[in-house]
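*Asks:* Residue numbers (our numbering): 66 to 347.
To be clear, the hints were calculated from the coordinates, so they are not data collected in a lab. Among the hints, a few may not be true.
FRET-style restraints, in silico, Cβ to Cβ [unchecked claim]:
1. GLY320 x PRO248: 39 to 45 Å
2. ASP98 x GLU184: 22 to 28 Å
3. ASP168 x ALA216: 46 to 52 Å
4. LEU105 x ALA252: 47 to 53 Å
5. ILE239 x GLY320: 19 to 25 Å
6. GLU285 x ARG332: 16 to 22 Å
7. SER266 x GLY323: 39 to 45 Å
8. ALA272 x GLN238: 46 to 52 Å
9. ALA249 x GLY269: 19 to 25 Å
10. LEU105 x VAL314: 26 to 32 Å
11. LEU105 x ALA216: 21 to 27 Å
12. ARG141 x TRP336: 32 to 38 Å
13. ASP97 x GLY269: 42 to 48 Å
In silico DSS-like pairs for lysine-lysine, Cα to Cα no more than 27 Å straight-line [to be verified]:
14. LYS282 x LYS330
15. LYS282 x LYS328
16. LYS86 x LYS328
Just so it is clear, CB atoms sit at the ideal spot from N, CA and C, and this is done for glycine as well.
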Amino acid sequence: MDTLGLQSQQVAQGERFEFGKNWSGFLSVLNDDRISQARLSLQEMLQTESLTNLSFLDVGSGSGLFSLAAAQLGARIVHSCDFDPDSVGCAQELRRRYAAHIDRWTIEHGSVLDRRYVESLGEWDVVYSWGVLHHTGDMLTAMDNVALPVAPGGHLFIAIYNDQGRASRRWRQIKRTYNALPPALRAPFVAATMAPFELRSALGATAQLNPQAYLRKWTEYKRSRGMSRWHDLVDWCGGYPYEPATPDVVVDFFGQRGFALTKIKTRLGGWGCNEFVFTNGT
């Protein structure tokens, strides 16, 4: 079975979240301010003001937002690939809206689990895969493959869900439940699942006589990589397959393959993604 057929089967069986459809909804709230925040997040983690003369590979490109950000930061060539055809379509639409004049950006369907495909991509100065590898259904193979196209001296920027032990196992069950539900019940399920966390946050802000702090978590969420809080909550509750890892596991995995950690941002035991930038020293 080809990858498109496999994805359709997994979605029908409630074993895979339709990431691309969520990203297509994100396009309705995308604006220049969110794009600016995406650029800033790349600059911060890669510790550079510009990607001029660098090639940028976006593995699991989702909406295409960070491919756009890389192109705007001057990358000499940008390539986006994603397993999900709806994500590919979303990135193509984003490119049409915001970067139709940029001819150095290409987009195609491709899976990080397909070693032959990844090897065919050649070498890249920056390989970016944020919040992707843990959703493939085979995270270790995905981690191994995503290292292949990183040029010597190049950078690998990834984000992996933080492993919280028992809590992570509960979230895995929540994600499976979301995907097993009829589509009409999924948004209410997200709202019901996240309501206790949102209420706790709102009450905490109110107790500190600063209710605006809670409201800013929604109104200023775009400052978190330019993303949308609601679409991230849907992704969080529905994102399946799902495999978390502790920072030590990720650092050791790539260290054994000749990569040196150059920057890390952890969740300090909380839920969400730990972010890593490695440099290929081989």
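*Asks:* With reference to the structure, classify each hint as holding or not holding.
*Replies:* Evaluated hints:
1. GLY320 x PRO248: 39 to 45 Å: With a Cβ separation near 42 Å, GLY320 and PRO248 satisfy 39 to 45 Å, so the hint holds.
2. ASP98 x GLU184: 22 to 28 Å: Violated: the Cβ-Cβ distance is about 38 Å, outside 22 to 28 Å.
3. ASP168 x ALA216: 46 to 52 Å: At 22 Å between Cβs, range violated.
4. LEU105 x ALA252: 47 to 53 Å: The hinted range 47 to 53 Å is violated for LEU105 and ALA252, with Cβ atoms some 30 Å apart.
5. ILE239 x GLY320: 19 to 25 Å: violated (32 Å)
6. GLU285 x ARG332: 16 to 22 Å: Holds - the Cβ-Cβ distance for GLU285 and ARG332, about 19 Å, lies within 16 to 22 Å.
7. SER266 x GLY323: 39 to 45 Å: For GLY323 against SER266, whose Cβ atoms are near 42 Å apart, the range 39 to 45 Å holds.
8. ALA272 x GLN238: 46 to 52 Å: violated (31 Å)
9. ALA249 x GLY269: 19 to 25 Å: violated (32 Å)
10. LEU105 x VAL314: 26 to 32 Å: holds (28 Å)
11. LEU105 x ALA216: 21 to 27 Å: holds (25 Å)
12. ARG141 x TRP336: 32 to 38 Å: holds (37 Å)
13. ASP97 x GLY269: 42 to 48 Å: violated (32 Å)
14. LYS282 x LYS330: Satisfied, since the Cα-Cα distance of roughly 19 Å is no more than 27 Å.
15. LYS282 x LYS328: holds (25 Å)
16. LYS86 x LYS328: violated (32 Å)
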